[in-house]
Amino acid sequence: MSEVRSVSCTSCAAPLELKGGHNVRSLVCGYCGAVMDAHEGYQAVAKFQRIERPFTPFMIGRTGIIQEVRFTVIGLIGYEMVEDGELYSWVSSQLFSATHGYAWITYNDGHVVFSRRVRELPEPAQVKHFKRKRRITFRSDEYRLFEQYTARVAFAEGELTWIARQGDNVSVTEAINPPHLFEYEQSGDELEFGLGQYLSHEDVAQAFDLKESLPRASGIHPCQPFTPSQFVKSLSKVGQIFCCVSAAAFVVWAIVGAGQTMASKRISDPLQGNTQLAFTVNDPDQLVEVAIEAPLDNSWIFVEGRVEDGDEPILAIGRELGYYYGSEGGESWTEGSKTASVAFKVPAAGNYALELEAESEDSRIRWLDVEVRQGVMPLRYLIALLLIAAASALSLPITKFGFEKRRWGDDDDD
Amino acid sequence: MTKLIFIVFTLLTLGTAYATYYGYGAESSAVSRSVRAGSVGNAAAYGVK
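From first to last, the protein sequence lines are chains R and G.
The first sequence runs 1 to 414 under the working numbering.
The second sequence runs 1001 to 1049 under the working numbering.
These aren't lab readings, by the way, just hints derived from the structure by calculation.
Given the structure is predicted, the values throughout are model-derived calculations rather than measurements.
For glycine and all other residues, C-beta sits at the position ideal for the given N, C-alpha and C.
Misleading hints may appear alongside valid ones.
Not everything, but these chain G residues come out facing chain R in the computed CB check (under 8 Å) [stated by the list, open to error]:
{"no.": "1", "residue": "Met1001"}
{"no.": "2", "residue": "Thr1002"}
{"no.": "3", "residue": "Ile1005"}
{"no.": "4", "residue": "Leu1012"}
{"no.": "5", "residue": "Thr1013"}
{"no.": "6", "residue": "Thr1016"}
{"no.": "7", "residue": "Ala1019"}
{"no.": "8", "residue": "Thr1020"}
{"no.": "9", "residue": "Tyr1022"}
{"no.": "10", "residue": "Gly1023"}
{"no.": "11", "residue": "Ala1026"}
{"no.": "12", "residue": "Glu1027"}
{"no.": "13", "residue": "Ser1028"}
Hey, can you work out the whole structure from these sequences and the hints?
Below, the structure is given as structure tokens:
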């Protein structure tokens, strides 16, 4: 437990509790805004014009256990930054542990980052020319530069490890390796380094034993890790399984999907008259397909067919095949096809007859191949299943891609 | 959640297998069915000829 002492504000005489350790450098009175130098008998050295205390769940006196260390909030500092005419603000709460020293917990629009000063140098030790996504290294970990900005101290209260003055500027360069954040902080000639870690609302609630829920986070924080929803995780996992199932189904389809040939015939001189082809259907619930092929050469043929059940006609089919080719501007082209097929079902199992009659202006057509197959399986449903499974499997990387896209804004110079 | 999605996909796969095996809805659109109606179409009826 931290030792609690108290002093009176040397400016307004308000009683102020002291919870910090020996490295506290200043105490800002929460009543009058006086900034007192802790090393100079709490003599007032500056004053904050009172503004409304910005919201943070981590008010002075609150305690929490972060990374197995109990910290107490001893001070608050509010920052502001104007970018593109828009004002951004956030609050950093100074934490103190009697055994582990000082740290910060920063609340920014629902996002929470825990950070500490570090003494090791990053590589490079200074960022002279900021370039987004440029890599830096700290403790063997790679970070990418995210943003550079200058923040202004707008509010302070309680104990701080330096003397903060209203309007002080601090230049910050942030590099990220979610959930970690590395900061170069330059105040005047002093350059300090900070290492932060993003805390989820669940982590924060557990650490500080919060009864109230934190406000919903707005946007994506620079070091916020990608945490997909349970639905997306499950969808992606199941999608991967069914991609494999679809692939196996394609193999089965490749083996049996063409059905079995019930009758086939090469009709000689097809333009000379009608031809009949008998076939037997065993399963009327399955598709029957008639496939035809003709030796077309810049010509067409119209094939009319009837499928009859005994004397009774049950189906009528008509197909025109045309195949043309040539060259134009040095490039060859083809159009149409020499083959065609129609699929249908018969009302009952049994024997059927296919009667064919062909017509064409091309007397060179000497033959017509006809094949009747039963049990032909369409591919469209398997393709649809594969697409759905693939889209589901990809939902996780797609969601992550979208998340990173939003994190980095419009940057695409990865 | 995973179980629920797995069940949905299983049903979808069974439906796909059924529709594929029986060629559901895959009859050619140019086929004119006149089952035992005594009327048989011909090419002219399709406007092809």
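Legend entry - Hint check, failures only: none
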